[in-house]
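Just so you know, the protein sequences line up as chains W and B, in that order.
All residue numbers for the first sequence refer to my numbering, where the first residue is 29 and numbers rise by one.
All residue numbers for the second sequence refer to my numbering, where the first residue is 397 and numbers rise by one.
A few of these clues could be false.
[Said to hold, decoys possible] Which residues of chain W face chain B? A partial, calculated answer using Cβ under 10 Å:
(1) F66
(2) E279
(3) A294
[Said to hold, decoys possible] Subject to a maximum C-alpha distance of 27 Å in a straight line, what follows is the list of computed DSS-like cross-link-like pairs (lysine-lysine):
(4) K646(B) <-> K218(W)
(5) K240(W) <-> K537(B)
(6) K215(W) <-> K458(B)
(7) K283(W) <-> K72(W)
(8) K240(W) <-> K532(B)
(9) K832(B) <-> K215(W)
(10) K832(B) <-> K128(W)
Since the hints were made in silico from the structure, they are not lab data.
Each residue gets a CB set at the ideal place from its N, CA and C atoms; glycine is no exception.
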Amino acid sequence: MNYDMNDVKKIHVPTMAELMAKGEQPDVLFWVGCAGSFDDRAKKITKAFVKILNHINYKFAVLGTEESCSGDPAKRAGNEFLFQMQAMANIEVMNAYEVKRIVTTCPHCFNTLKNEYPDLGGHYEVVHHTQLLQSLIDEGRLTVEGGAYKGKKITFHDPCYLGRANEVYDAPRTLIEKLDAELVEMKRCKSKGLCCGAGGAQMFKEPEKGAKDVNIERTEDAIETSAEIIATGCPFCNTMMTDGVKNKEKEEQVKVLDLAEMIAQANDL
Amino acid sequence: MGISNLIFALSLVTAIFLFRRNVLKIKRNIFLGRDVNRSDQSFLRWKTMARVALGQTKMMVKPIAGFLHVIVYAGFVIINIEVLEIIIDGLFGTHRVFSFLGVFYDFLIASFEILALLVLLACVLFFIRRNGLRLKRFAAKEVSGWPKTDANLILVFEVLLMGAFLLMQGADLALQKMGTAYYVEAGSYPVSSYLLFLFEGMSESSVILFERFFWWVHILGIFAFLNYLPYSKHLHIVLAFPNTYYSNLKAKGAFTNMDSVTQEVKLMLDPDADPYATPDPDSSDDIQRFGAKDVTDLNWVQLMNAYSCTECGRCTSECPANQTGKLLSPRKIMMDTRDRLETYGAEIDAGDDQENQRPLLDGYISREELWACTTCNACTDACPINIDPLSIILDMRRYLVMEESAAPNELNMVFTNIENNGAPWQFSAADRLKWKDEL
Numbered sequence: 029m030n031y032d033m034n035d036v037k038k039i040h041v042p043t044m045a046e047l048m049a050k051g052e053q054p055d056v057l058f059w060v061g062c063a064g065s066f067d068d069r070a071k072k073i074t075k076a077f078v079k080i081l082n083h084i085n086y087k088f089a090v091l092g093t094e095e096s097c098s099g100d101p102a103k104r105a106g107n108e109f110l111f112q113m114q115a116m117a118n119i120e121v122m123n124a125y126e127v128k129r130i131v132t133t134c135p136h137c138f139n140t141l142k143n144e145y146p147d148l149g150g151h152y153e154v155v156h157h158t159q160l161l162q163s164l165i166d167e168g169r170l171t172v173e174g175g176a177y178k179g180k181k182i183t184f185h186d187p188c189y190l191g192r193a194n195e196v197y198d199a200p201r202t203l204i205e206k207l208d209a210e211l212v213e214m215k216r217c218k219s220k221g222l223c224c225g226a227g228g229a230q231m232f233k234e235p236e237k238g239a240k241d242v243n244i245e246r247t248e249d250a251i252e253t254s255a256e257i258i259a260t261g262c263p264f265c266n267t268m269m270t271d272g273v274k275n276k277e278k279e280e281q282v283k284v285l286d287l288a289e290m291i292a293q294a295n296d297l
Numbered sequence: 397m398g399i400s401n402l403i404f405a406l407s408l409v410t411a412i413f414l415f416r417r418n419v420l421k422i423k424r425n426i427f428l429g430r431d432v433n434r435s436d437q438s439f440l441r442w443k444t445m446a447r448v449a450l451g452q453t454k455m456m457v458k459p460i461a462g463f464l465h466v467i468v469y470a471g472f473v474i475i476n477i478e479v480l481e482i483i484i485d486g487l488f489g490t491h492r493v494f495s496f497l498g499v500f501y502d503f504l505i506a507s508f509e510i511l512a513l514l515v516l517l518a519c520v521l522f523f524i525r526r527n528g529l530r531l532k533r534f535a536a537k538e539v540s541g542w543p544k545t546d547a548n549l550i551l552v553f554e555v556l557l558m559g560a561f562l563l564m565q566g567a568d569l570a571l572q573k574m575g576t577a578y579y580v581e582a583g584s585y586p587v588s589s590y591l592l593f594l595f596e597g598m599s600e601s602s603v604i605l606f607e608r609f610f611w612w613v614h615i616l617g618i619f620a621f622l623n624y625l626p627y628s629k630h631l632h633i634v635l636a637f638p639n640t641y642y643s644n645l646k647a648k649g650a651f652t653n654m655d656s657v658t659q660e661v662k663l664m665l666d667p668d669a670d671p672y673a674t675p676d677p678d679s680s681d682d683i684q685r686f687g688a689k690d691v692t693d694l695n696w697v698q699l700m701n702a703y704s705c706t707e708c709g710r711c712t713s714e715c716p717a718n719q720t721g722k723l724l725s726p727r728k729i730m731m732d733t734r735d736r737l738e739t740y741g742a743e744i745d746a747g748d749d750q751e752n753q754r755p756l757l758d759g760y761i762s763r764e765e766l767w768a769c770t771t772c773n774a775c776t777d778a779c780p781i782n783i784d785p786l787s788i789i790l791d792m793r794r795y796l797v798m799e800e801s802a803a804p805n806e807l808n809m810v811f812t813n814i815e816n817n818g819a820p821w822q823f824s825a826a827d828r829l830k831w832k833d834e835l
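Bound conformation, chain W alone (with noise of 0.2 Å):
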């Protein structure tokens, strides 16, 4: 039957609330987070990263309407009030549902809920996508051809909140290396990386007068490298880095993209 060969083919996404009706419990919650959710751009690495989790059909769910902003730009703002409602009403529900296990697309989420929520009463295990699917690959449960990434020169953009503050560097440069690319470092990276400009709450606001933007200095470090592809973990540090390409007019010569969604199209998901 046609329908059939559809239902193969249909990418499903369970909410905690479906799963929880059918008793059952993922292995892992995806936080979406806000810009995951609803800035076109990084939708697609959201739906890259739920296609390689439905490709190895790993068990995980979505709160879905039920998340709310981790209240990551409200903390760093200053307005720890609205910082720690977001955060009490989030881990309300996800201490409801018995949340044992967070992945995330965004370190701006990833940073809050395993260093932030703990004082409020939200213990979790939080990892990052990229460590997810380094411990799937090196688990064997997924398995990365390079594709069309073989051999490319790729330089990774460092997001603050998942290097500097977290000290997550590998993870996202294995992933790079199991693409069998060429992987090029810019002259600033790991500690000593330099922010794309959106941290702080930064992205949300004009910048401070000044001589240049920051996403502007950091492409230029990036486009210095040659790399043909700039990789990143972050859907804030993807927009900044492609406002950037597009402001020094590279579009046609440099793509930025999530690892995630590399992952997805060398898996041609």
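Dock chain B against the given chain W, drawing on the hints supplied.
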């Protein structure tokens, strides 16, 4: 005990007395800050101090400056053993009281001399680098004027101290060779033996005069330098140690939780809470403002950070906002905090209230600086002694937002959106899972 021993004893006591008075004042100023508990994980704290302050691991990120700094630092620490001998000699009229150590004494004196020469050369190189090379972080606005003079004074001081030490050694060696009474033949002089020519053909009494002169210049110079520390950025040689011990051990991304806010939010979310209840008189005796407007709103670790900062500017040169021409400079945040704290302390000493004083916010640090921060932690990563300028920036933002509602307009809109839609943008919360349909 001669008159010179008496003069020496008086100078020593005065030096220690003045230093102690200033140290206590600094300690009082630091503890004007709010309490913060950093007494946990003492093993890890000792380890951090050993690695970062003693081991200078973060200095080595810039290898040339790091290497020169290690020389000056090692020289400073080791040559202090010699100062101990000088103090004993000065008090009791002995000469080279440790000379009975024999071969070990030779080794000590030789290493002091070699280190003194290396320190001298390193300081000359530092001086040239600071004044001749026009490094961007040494040419910034916040370090013009007194900070620049301070930096150069420290280097000149050290060159003079090391110079006086080596000349004193040279004159001593000349007297030892003349067989002058009192100048025992002891020690090994790999550097000052090259200075002997200076004293050639001089009478014994002139050489004694030179020896005594350099001896006094060296030790009085050290006393003066000791008392210069509390007024100088050079205080880092002392405070680097407690500063690293009490530094933040959590992940850099973990910003502090405000417990005072937690209490209020819990009340707001508690359906059984009585909104008209009078506050518990025992718990609300210490009403603090949210965030920081002035130095006394900061915690004592942040204030100690300010006194520990030696204005090297590594934070500022890594700061993305500063690199792209914004007003923000994390180093200036620390310098402003110390400047403000010192005027605050001076007002207390003068018995005045702080009414006419300019507070840290707006008086020293502008809002434009605070809002330029991306909270990227490059500054805290760069600091060789784990100073945390970002925590001060955050606390001041907290004051602006929660006490004055003075966030930039775009951010106020973000707050409203998060409150109403659970997202920083104006999307409906009901649409959160719409992406699923696009798969």
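Okay, the hints, checked on the actual structure:
The interface hint given for F66(W) is met, as the beta carbon of that residue sits about 5 Å from the closest beta carbon of chain B, less than 10 Å. With a cut of 10 Å, the hint placing E279(W) at the interface with chain B is violated, because the nearest CB-to-CB distance is about 22 Å. The closest approach between the C-beta of A294(W) and any C-beta of chain B is roughly 19 Å, which is over the 10 Å cut-off, so the hint fails. With a CA separation close to 19 Å, the supplied pair K646(B) and K218(W) stays within the 27 Å bound.
Proposed proximity of K240(W) and K537(B) is supported: the alpha carbons are some 19 Å apart, at most 27 Å. Between K215(W) and K458(B) the alpha-carbon distance is near 14 Å, which keeps this suggested pair within the 27 Å criterion. Distance check on the hinted pair: K283(W) and K72(W) sit about 14 Å apart at the alpha-carbon level, within 27 Å; holds. Between K240(W) and K532(B), the direct Cα distance comes to roughly 17 Å. Compliance with the 27 Å bound is thereby established for this hinted pair.
Restraint check for K832(B) and K215(W): not satisfied, since their Cα atoms lie roughly 39 Å apart, outside the 27 Å limit. Distance hint between K832(B) and K128(W) is fulfilled; the C-alpha atoms sit about 24 Å from each other, no more than 27 Å.
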